[in-house]
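J.: Build out the structure end to end from the sequences listed, making use of the hints.
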Amino acid sequence: MCQREQDFTNRAVLGFAKVVAGAFQFLLGYGFRLQSSEATLVRYASERVFVNVYHGRSSYEIGVEIGCISRERSDGAGYSMSELIRLKNQQEAERFRNFMATTPDEVKIGVQKLAEQLLRNGDRALRGDELVFEALQQQRQEWASTFAADVAYRQVSPKAAEAFRRQEYRKAAELYESIEGKLTPAELKKLEYARKHA
Amino acid sequence: MSMKKPVPWSIAFPHLAASDAGQQAALPRRLGVMWQRLWIAWACIAALVCAAGTAWAVAGAPAKPHQGTSEFSVALNVCAFASATVQLHSGKACLSTTGTSDVPDAARGAGAAERLVIGRGADLAKPGALKAGERALSWPSKMPNAAAEWKINSGLLRQEMQRGLPIRDISPGNTGGMFLNAERNLLQNHGWTFDASTSLWMPPVP
Chain S
37 MCQREQDFTN RAVLGFAKVV AGAFQFLLGY GFRLQSSEAT LVRYASERVF VNVYHGRSSY
97 EIGVEIGCIS RERSDGAGYS MSELIRLKNQ QEAERFRNFM ATTPDEVKIG VQKLAEQLLR
157 NGDRALRGDE LVFEALQQQR QEWASTFAAD VAYRQVSPKA AEAFRRQEYR KAAELYESIE
217 GKLTPAELKK LEYARKHA
Chain D
672 MSMKKPVPWS IAFPHLAASD AGQQAALPRR LGVMWQRLWI AWACIAALVC AAGTAWAVAG
732 APAKPHQGTS EFSVALNVCA FASATVQLHS GKACLSTTGT SDVPDAARGA GAAERLVIGR
792 GADLAKPGAL KAGERALSWP SKMPNAAAEW KINSGLLRQE MQRGLPIRDI SPGNTGGMFL
852 NAERNLLQNH GWTFDASTSL WMPPVP
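In order, the protein sequence lines correspond to chains S and D.
If you count the first sequence from 1, position 58 lands on 94 in our numbering, and the numbers rise without skipping.
If you count the second sequence from 1, position 125 lands on 796 in our numbering, and the numbers rise without skipping.
If you are wondering where the hints come from, they were derived from the structure by calculation, not from laboratory data.
Backbone N, C-alpha and C fix where the C-beta goes; we use that ideal spot for every residue, glycine too.
Relax, there's no trap hidden among the hints.
DSS-like cross-link-like pairs, simulated, lysine-lysine; straight-line CA separation at most 30 Å:
{"no.": "1", "chain 1": "S", "residue 1": "Lys149", "chain 2": "S", "residue 2": "Lys124"}
{"no.": "2", "chain 1": "S", "residue 1": "Lys144", "chain 2": "S", "residue 2": "Lys54"}
{"no.": "3", "chain 1": "S", "residue 1": "Lys195", "chain 2": "S", "residue 2": "Lys232"}
{"no.": "4", "chain 1": "S", "residue 1": "Lys207", "chain 2": "S", "residue 2": "Lys232"}
{"no.": "5", "chain 1": "D", "residue 1": "Lys797", "chain 2": "D", "residue 2": "Lys813"}
{"no.": "6", "chain 1": "S", "residue 1": "Lys195", "chain 2": "S", "residue 2": "Lys207"}
{"no.": "7", "chain 1": "S", "residue 1": "Lys195", "chain 2": "S", "residue 2": "Lys218"}
{"no.": "8", "chain 1": "S", "residue 1": "Lys144", "chain 2": "D", "residue 2": "Lys813"}
{"no.": "9", "chain 1": "D", "residue 1": "Lys813", "chain 2": "S", "residue 2": "Lys54"}
{"no.": "10", "chain 1": "D", "residue 1": "Lys797", "chain 2": "S", "residue 2": "Lys149"}
{"no.": "11", "chain 1": "S", "residue 1": "Lys144", "chain 2": "S", "residue 2": "Lys124"}
{"no.": "12", "chain 1": "S", "residue 1": "Lys207", "chain 2": "S", "residue 2": "Lys225"}
{"no.": "13", "chain 1": "S", "residue 1": "Lys144", "chain 2": "D", "residue 2": "Lys797"}
{"no.": "14", "chain 1": "S", "residue 1": "Lys54", "chain 2": "S", "residue 2": "Lys149"}
{"no.": "15", "chain 1": "S", "residue 1": "Lys149", "chain 2": "D", "residue 2": "Lys813"}
{"no.": "16", "chain 1": "S", "residue 1": "Lys232", "chain 2": "S", "residue 2": "Lys218"}
{"no.": "17", "chain 1": "S", "residue 1": "Lys218", "chain 2": "S", "residue 2": "Lys207"}
{"no.": "18", "chain 1": "S", "residue 1": "Lys124", "chain 2": "S", "residue 2": "Lys218"}
{"no.": "19", "chain 1": "D", "residue 1": "Lys797", "chain 2": "D", "residue 2": "Lys822"}
{"no.": "20", "chain 1": "D", "residue 1": "Lys797", "chain 2": "S", "residue 2": "Lys124"}
{"no.": "21", "chain 1": "D", "residue 1": "Lys813", "chain 2": "D", "residue 2": "Lys802"}
{"no.": "22", "chain 1": "S", "residue 1": "Lys149", "chain 2": "D", "residue 2": "Lys822"}
{"no.": "23", "chain 1": "S", "residue 1": "Lys54", "chain 2": "D", "residue 2": "Lys797"}
{"no.": "24", "chain 1": "D", "residue 1": "Lys822", "chain 2": "D", "residue 2": "Lys802"}
{"no.": "25", "chain 1": "S", "residue 1": "Lys225", "chain 2": "S", "residue 2": "Lys195"}
{"no.": "26", "chain 1": "D", "residue 1": "Lys822", "chain 2": "S", "residue 2": "Lys144"}
Ranges between beta-carbon positions, derived for each pair:
{"no.": "27", "chain 1": "D", "residue 1": "Pro798", "chain 2": "S", "residue 2": "Gly58", "range": "27 to 33 Å"}
{"no.": "28", "chain 1": "D", "residue 1": "Lys822", "chain 2": "S", "residue 2": "Arg133", "range": "16 to 22 Å"}
{"no.": "29", "chain 1": "D", "residue 1": "Ala800", "chain 2": "S", "residue 2": "Arg156", "range": "25 to 31 Å"}
{"no.": "30", "chain 1": "D", "residue 1": "Lys797", "chain 2": "S", "residue 2": "Arg133", "range": "19 to 25 Å"}
{"no.": "31", "chain 1": "D", "residue 1": "Glu805", "chain 2": "S", "residue 2": "Ser106", "range": "22 to 28 Å"}
{"no.": "32", "chain 1": "D", "residue 1": "Ile823", "chain 2": "S", "residue 2": "Gly58", "range": "32 to 38 Å"}
Selected chain D positions facing chain S (Cβ under 10 Å, derived; list incomplete):
{"no.": "33", "residue": "Trp810"}
{"no.": "34", "residue": "Asn824"}
{"no.": "35", "residue": "Phe850"}
{"no.": "36", "residue": "Gly862"}
{"no.": "37", "residue": "Ala867"}
{"no.": "38", "residue": "Ser870"}
T.: Right, here's the structure in full:
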């Protein structure tokens, strides 16, 4: 038995499943039923929606995953709390972090906090609104594109600035053009100058 | 006047048959010519023998698949012929490079690399989350010591990054996980870029 499995068997002492059953009782009002309850994972499901509340086996982070049952079969898409929050407020979503709990008291606090967040941000999803899940899917694709552009900007911007400083204007123009959508006003002016002097 | 009886060899080689003193003076030149003709004759005979031997050898060899090819391609054909012969005798099908051979997967994939997948544990644990040839990082948990946990996690991820192969992010959009965010930051800080269409982290171009 590996260390990871030993930790898993000892997780029951944290009382995660019992705390979840109490804090997420409001799900019954949305037509959910308890599907399964384990030391680190409690599953609920209504006719169209599933909700998985988990306590990370390795990370000890408390999180929730919500998805449309029909969609789950097609693409396995379950959406996290950060994605539910992002639908309402992007800045808040960027600040959001899962609660990490390694003691029974921390588990109580973390689970209660998560239940409140789900109630506040997931009402339409819990009711099985198809439009919300479509919006979540589209938002995920947009996030991936935006994130990819952000990462590219962080990688390319310093190289472009260095090329500009060395007066290698053709190279600088090419680099700036590759991240044009993310350029600051100052960098846009540098791009314009580099184009003229390339 | 008595007629001088001709010497037998002078009949065969009349040039050498000197009848008088003037002709005897030219004898060395005639000998030289004779030796020259002898050498030419022997050379012709030797060439004919060689040609006959080659023709015999060619007639006994198997037909070549391509005529007029270079020595290199002929050598390849010979190797292919030999290989096919060996396979025929061993009862094996002909090997191909398109992956339809009967070579065991383990042997064929010995040089192939598995793709690393990062993401939330909940996503990684789903049935079918990892495709064929994919795997996730794994190590004995050090939790609740998060620092020790991250030390191992980051060390293993760095080792994977050194391989320079794309890494799949299975949880795009999920930004709530501390370790997943840290892994993404680590990749970014080492020049890796994210491809939104494939959810793959691509290694930096050298």
